[in-house]
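Colleague: Take the two lone chains, each set in its own frame, and fit them into one complex as the hints suggest.
For reference, the chains in residue letters:
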Amino acid sequence: MIRKFALLCVGLCFTPLVLSADCDINSVNEKLSNQAAYSDFVQTKTIKTLSRPLVSKGQIWVGPNEELVWQLIMPIKSTMVLHQDGVRQYNKHDELQSEQNHAVIAELSKVFLALLAGNMQQLQSMLSFQLFCGGNGELQKAKSVTDASENSTWKLVLKPKTKNISELMTEIVVSGASRVETIRFTETRGDSTEIHLTPKHIDASKIFDKYFVQANSSSVNTSASKE
Amino acid sequence: MNSNSKKTKDKYSIFSGERARAFLWLVLLGVIGGLFFGQLSSGIKLETSILKLLPKDDSDIATETAFEQFAEKNMRQLIFLVQSESESQVKASASQLAEKLQRNDVIESVSFLVSDEKQNAIAKFNFDYRYHLLSKADQKLLLSESFDEFSDNVIQQVYSPFSGKLLDLIKVDPLLLSYRYATSQNSNFAKESLLKLRDEHLIAEIDGVFYVLVTAKLSKHPFDRVVQQEIESLLSKINKTWDSQSDKVQLRKTGALFYASYAYTAAQSEISTIGVGSLILVITLVVAAFLSVRPLVLVSFAIAFGISSGFVFVHYFFESVHLLTIVFGASLIGVAVDYAFHYFSVGALEKSDQEKNSRLRKIFPAISLGLISSVIGYLSLLTTPFPGLQQMAVFCVFGLFGAYLTVVLLFPIIRLKNSTPKFLLFLCSNILKLAQSPRTVWLWRFLLFLPLVALIILFTRQVEQDDIRQFQTVDETLKQDEALIKKVVDAPAANQFYLVQGESVDSLLIHLEETTEYLDELVKNQVIEGYQSISQWLPSRKTQEYNYSLYKKLIMSRVYEPLTELNLVTQKQIHELQQTFIEDERKILTADLWLDSPIGNQLSHLWLGKIDQKYVAVVSLFGINQLDELKSFNENSVFVDKVSQISDLFSLYRHKTSQLLLIAIGLIFVILLVRYNLRKAFIISSAPIIAISTTVIGLSLLGVPMNLFNTLALFLVVGIGIDYGVFFAESKTANRDTLLAILLSAFTTIFSFGLLALSETGAIHAFGLTMLLGITTTFFISPITGHLVNDDTRKIRE
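Residue numbers (the working numbering), protein chains in the order written: chain A, 1 to 227; chain B, 1 to 798.
Keep in mind the hints are simulated off the structure, nothing from the lab. Among these hints, one or two may not hold up.
[What the hints assert, rightly or not] Estimated spans, in silico, between C-beta atoms of each pair:
1) A:I207 x B:S244: 57 to 65 angstroms
2) A:K210 x B:E108: 45 to 53 angstroms
3) A:N34 x B:S244: 45 to 53 angstroms
4) A:T170 x B:L194: 29 to 37 angstroms
5) A:K210 x B:E576: 38 to 46 angstroms
6) B:A137 x A:K163: 26 to 34 angstroms
7) A:K163 x B:S246: 23 to 31 angstroms
8) B:A137 x A:T186: 32 to 40 angstroms
9) B:K171 x A:S125: 34 to 42 angstroms
10) B:D592 x A:S205: 49 to 57 angstroms
11) B:S111 x A:S125: 26 to 34 angstroms
For glycine and all other residues, C-beta sits at the position ideal for the given N, C-alpha and C.
Chain B on its own, in the form it takes in the complex (with noise of 0.2 angstroms):
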């Protein structure tokens, strides 16, 4: 400590003082600190909408609101099919279960019984609005005023051996116009499933085996790991009972919350082979290179404060942090450490304390121009206009910022024992012999032809691979179910619909009709097979107001003759009945009364209310054939393809961050020839640049396609590529140290990193990919080019 006075004519003042420079540490250490608290006061907002990460103006606020609002109903559903041999036995099964939901807390409500009361109650629904209820067929009766055709058909049903209730109901409904729109609704629109109603029961039969639906709602988010839990442990409970029963009984379920699960499950056994090992991994090397303890713990205060800083900044800047931001700025890592290894690497053959500061001395330089040149790399990302790609450059810029503070006003004051074992150094003076051979420079030549081979691949070959059904981990019983429960349900399509909205109830239901009548030339052409809306239900007021005036002809003509004859209906009733039509006038249908019946109930889903102004509702869509011909019928009536909308979405982020990673690399180097000569900085950039293009190489030849995400993992092997080359540059020589220090970077970040290649997860097994192949090839190659650019007594003579 005395020496510290004599710190006025030190060349390097600024490494005099280092209590100070800790007390610096600390206190921004309390900044971060400070500001997190302040963060999480007010709230953390971690974002997880893809959406969010679209640019601003590109999105429509109210079909954003819309289409998640209706993916939020649709994701809340859980299908069950209850199958056995047995019809009693799926019954009291499948009754067993809905009580079993109906119970628990985390289920809202349950669907399993149509009961009687539920069909009485949409019989006398369609009896009341019967004046203002009419199908496309009676509607071409009515017009061409074949009404005979009405007085005949209830002769007809009277006769008919199965004419029971209807003799009632023709006493008040005498030409059965309420009977006649319930039949027709029922062919043409309740979807011919292979469910049937049975005994209050919705029950399919196929080869001998009984299935039953039961269909649960959601009170909570199916991505709550809580709400996992409570419905997985009530399955568990469920399917314990009936294995002990002697008629088989299965279970076959599908909805979000089981996907969100699995891959959770998934996820967390990964975490714990993968993240453990590799913990275990990068522990024992990193204490086994310097035989202490404290590199580990340095080395994770630097990592800690990185991306506390990185979260903290872009929070206070964007006031929430994207998911995609942390999965990506958790991979900082592999560049952060590269400053702290290089730390404790210097000076390994010094034994003396003393010594201390000049290990900083000796390193700031690299470090330094190594950050500088991630920074800038980094900072091409803020050029775009999308959030996601902005929050990854502020959280990389500050999370590398605040690993390199760490090290630079932190670790000076840690005292470090130098020991690194005998047999590490010796691998490293051998590796570096090895580089310094004549033949490495024609290596060196050949492997600059490799970048061209890459962007040859990369134009002919197609091995993008943007489609978001990648990402998804599927558990092979969960894909099963899923069909089978599809073929019996005969579900709509989750992912397409049309989105329609107006400016008023009754406009939104004229665009529903005119959108349906747009439906109804793709289904005529096959471009899909069916659809369902709302008008088919509830019909817009003016097309109610003109199924009235149509029916007024009828009503008031003589019609009834037949049916007086037979005294089905006296003259007096048939008078009375005429009043109540003329009273019945006003009678219409609305929306809220729709809402509130049977089957409004049942399609509540495809109304998502009022959303910004407008009033907004859903038309799904059933087998669709030909997705490419489906396009936005108009300004009112939009399109949605949610799972192409995210692909493209990834598509764009890509092709955006594969131009500018060629940027950056523009731009890094244009930084390097500030402090060396073209040379120089052309071998320092040649590093990372064949390492990329290794990497494209390898990753095509394996088949694992390009997505978004390996193609930010490029980013990260550019930025450790140039410290590996800076490093070398900057220490004069071909040193052992620094070639321990990249060493241990490099094989830290692909314990890390890596090893994720061994996830079963498609995305995670590209990235892993693609940073086991960048990394082992940079750590390879920056021997040589480290051997290479110390290399002055080669003059360029070629």
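Looking at chain A on its own, in the form it has when it is part of the complex (with noise of 0.2 angstroms):
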């Protein structure tokens, strides 16, 4: 008799370690895959050469084919689709303006889109997987989870595998509770870019095709064929 008593305590006393599964790097993983297509941002650049930050809003799709729409709203519209080979920019007439295919930019381009259409495997070809967990205040290395709390925070900080990310920043900072809430860039400058996100559970397709269809037809053609 006791003994069974000893073992129902012992086992109600580890079900926490069951119930807040929240902070562990698999569900983490799980919201970093499942997030909105479509989202509001805000972003909050922090220079340090500018006395204040800048501040912009916009909106996020994340569209098939491995594109993202990430359209600036606020103060001045202009619209960006990133895709695995770079960057073709529309300005505020949604003109395409340039397309940039640069080593670099397309790395960037890699990453933003792994990050926020969820690519995981990207993610962890590119990058280096910290998890760290926690309510308020101070934020521990989940080594074991010690308490459940409904609003588990989590705190993954992704630092650069590659020589061409690594050089501009220095790690990325992705928190969150029930989902992915803000992604915070730390360049090697110092400047920092934070990202805070708001799903809206709309379907946005029709809206952003444009950037999508208008790409194909205006994109530079110079392929050539041999002689």
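Modeller: So this is what it looks like as structure tokens:
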């Protein structure tokens, strides 16, 4: 009898381990993979040389074919389409301004895409992961979970593995609770950019399709057939 | 020797005093030798350029020199792709290759990494000249005074998550002019090749396989055998090292050097098999026919003397000898041996030494007439304005004459035993008997129709092939490598481009700009996919000044307000920058400065500098879809198609040669009339005519096209055919000796040149086949015509 009771206590003590599975790498990965396709963002850039931070607002749409639309609305309208090979830029009149395929840009684009579209494989190949858990205040490195609080916040610190990215950024911190809420880039220059995301549960494919279709017809076509 | 004292009354007085004659030959040898050494000391000039075959007035020296230089630069390039499924391995291996190449003496430079340094240099360059460099798109914006676009773009960039480095740039270039220019140049002109810049490497990824580009430039000529061997051994060492590694690494290569090297090895192997083979056959034949080595030695003298005289006199008159002349001249051997063999075969029956005078006496008219008719035939080539054909004429005339003189002057002094194996004589007798049957006349009359058939074929079917690509020996591996490299690297057309010139550097740049406008139309119409011109990166002075004037309004306007509001740049900084702008007005980008820059370096092969008082540059073409539509733009901007140009030249030569062939036969006929009556002359001339007709028909049936080389071979067939006919005519009877001479002559020629038909090289194969068909036919016809020509009992009744 007593033995059974002891087992029960031990069992109860350890249940929290099972219940508070919010802050382990698997569930964080899951949250990253399952982000909304359509979100609003508020971006705050803190630049050392400028007295005030730069705040901007816009929206993100994760499109098909590993492409992502990053559209700035305030202070100026401008749209960027991120894809595996680089970035296409559109001005406020939605005219294609430039196509940048430089290696560094292409890599940055890949990182962003992976982050926002939740491509775990790509992320893991380009960045190293370190998970921190805890409520407000002190965040401790997760060795074992001690308590299951409902607002179990987590912080994922990603450090770049490739030379191109590490020259520009020291780390990317993704944090959130029940979903991904904030992404913060810290640059080697000391400047940082913080993006706060709010998902919108609407199908926005019609709104942003033009940036994909338009891209195909107006992209610079210089493929050469050989003589 | 005592008999010599009776020579005064001898009808053939020139045949006595054979020692004197031999001495004369030695003197001539001395003369030739002297001339040769004279030329050797002042430098033997061997001409390999195809251009030198053009008639003098047609060649424009500037264009000629220009594309020789451009071709030279292209030819020294070696392009490698290192291939592997492992990205780290491919980079490491490429480094190895680049390093090994760099250390080799025959390599002048290696291009492998686009270092950070280089990238920074390019950025700095764009920054220094930003007030004079302007993209077409921005030009439009400035003309419409849409200045807001510039500040908007800066804001956009600043707020983008990627802004990073640009913030520093904004302080010194607040409207990001240098950045705008660089971006537009990259998207417009940096070819969208599969190669991307990653970690300083130019690397492409196709279907999971990685390719890294390494290019090298030779310091010496790629056709130098030593250079070829150096590179081949370096590469084989590298391949061995790579074979032992775990991750498979492959090397792909292309470049003129590899094609030349392959052609050389192929030729070498053919020379050893075919060459040695034919040499053995010829030696065996000659020795077996006379059971003595002396004829062999003597005929070698005749050949050597003939070829040397030919060479020496061509060099004397033309101050250089073209490779084509030598190639053709070597085949002259086939004709030159005729005289020697006639000499040896005569008196095959007689065993007496004292008859040796009579040998020469017997054949003298025959070989002299043979010589004269052949020489007249070749002299017709002198009438053309083509240096190549003129050289061949001189070579043949002096060469044949030299061989002839050797027979006349030197041979008599050497005692020859006459022992031809009986079976050979028996064979000759039997062939003659066959030829004497009454049916042969009808056979001959039938054969006379062949020339008609040949003419019909020539006029109705497309039997010619002048495209010089048929002359290329190509290795499959090289072909595949080249195709892959072209796909990955996106290289321009190697043989077609525009050559633009100007009185001064700046007028050259203006002409380049005009040319690119013209080419833009061609791109729009999909005649070509694209082009590359220096003017895309280096605007003319006029354009730069115009750009500056457009920028002025922008720089002095109030476009900066949104930027200063955000404190991206201060008002003070703006004023300073405006000041700098004013000062920089004179800061024009010159050609020298540009050529020194990283991009200038990369495109330096397009800059040919000063040639013959003019400045010349090349515009290279990508993806030619409609070659026929490409023409010269104006007198300053000429379209060059090397392959077509040379092919056209060969075609021209071939046409001329064909015409002259017929004229030559006509002339020979006239010469023969001097000595023979109409009937005999006709019979003699019919042999070569039938022979070349048969050859043309035969080649057409075999699907072998007529090109310049086998047309020239027909000249030889004619020369040989006439010789055989004349020998028979002079021998008064269808003589077994004469037939022996012809048999030997024909077979030695077949063994030496007919065997070339075994070659893999298109041109050589065609040449050999022509000779084979021609000589074989001539051999079979000659007993028939020989019989007919001597058959005085036949009256012309029909």
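Colleague: Confirm or reject each hint.
Modeller: Against the structure, the hints:
1. Restraint check, A:I207 to B:S244: a C-beta distance of roughly 58 angstroms satisfies the suggested window 57 to 65 angstroms.
2. At roughly 52 angstroms, the beta carbons of A:K210 and B:E108 sit within the given window of 45 to 53 angstroms.
3. A hinted range of 45 to 53 angstroms holds for the C-beta pair A:N34 and B:S244, which are about 48 angstroms apart.
4. Remark: the range hint 29 to 37 angstroms for A:T170 to B:L194 is upheld by a beta-carbon distance near 32 angstroms.
5. Against the hinted window of 38 to 46 angstroms, the Cβ-Cβ separation of A:K210 and B:E576 comes to about 42 angstroms, which satisfies the hint.
6. Judged by the Cβ atoms, the range 26 to 34 angstroms given for B:A137 and A:K163 holds: they are separated by roughly 33 angstroms.
7. With their beta carbons about 25 angstroms apart, A:K163 and B:S246 fall inside the hinted range of 23 to 31 angstroms.
8. The beta-carbon spacing between B:A137 and A:T186, approximately 35 angstroms, falls within the hinted interval of 32 to 40 angstroms.
9. Distance hint check: the CB atoms of B:K171 and A:S125 are about 36 angstroms apart, consistent with the given range 34 to 42 angstroms.
10. The hinted window of 49 to 57 angstroms between B:D592 and A:S205 holds, with their beta carbons roughly 55 angstroms apart.
11. Between B:S111 and A:S125 the beta carbons are some 30 angstroms apart, a value that agrees with the proposed interval 26 to 34 angstroms.
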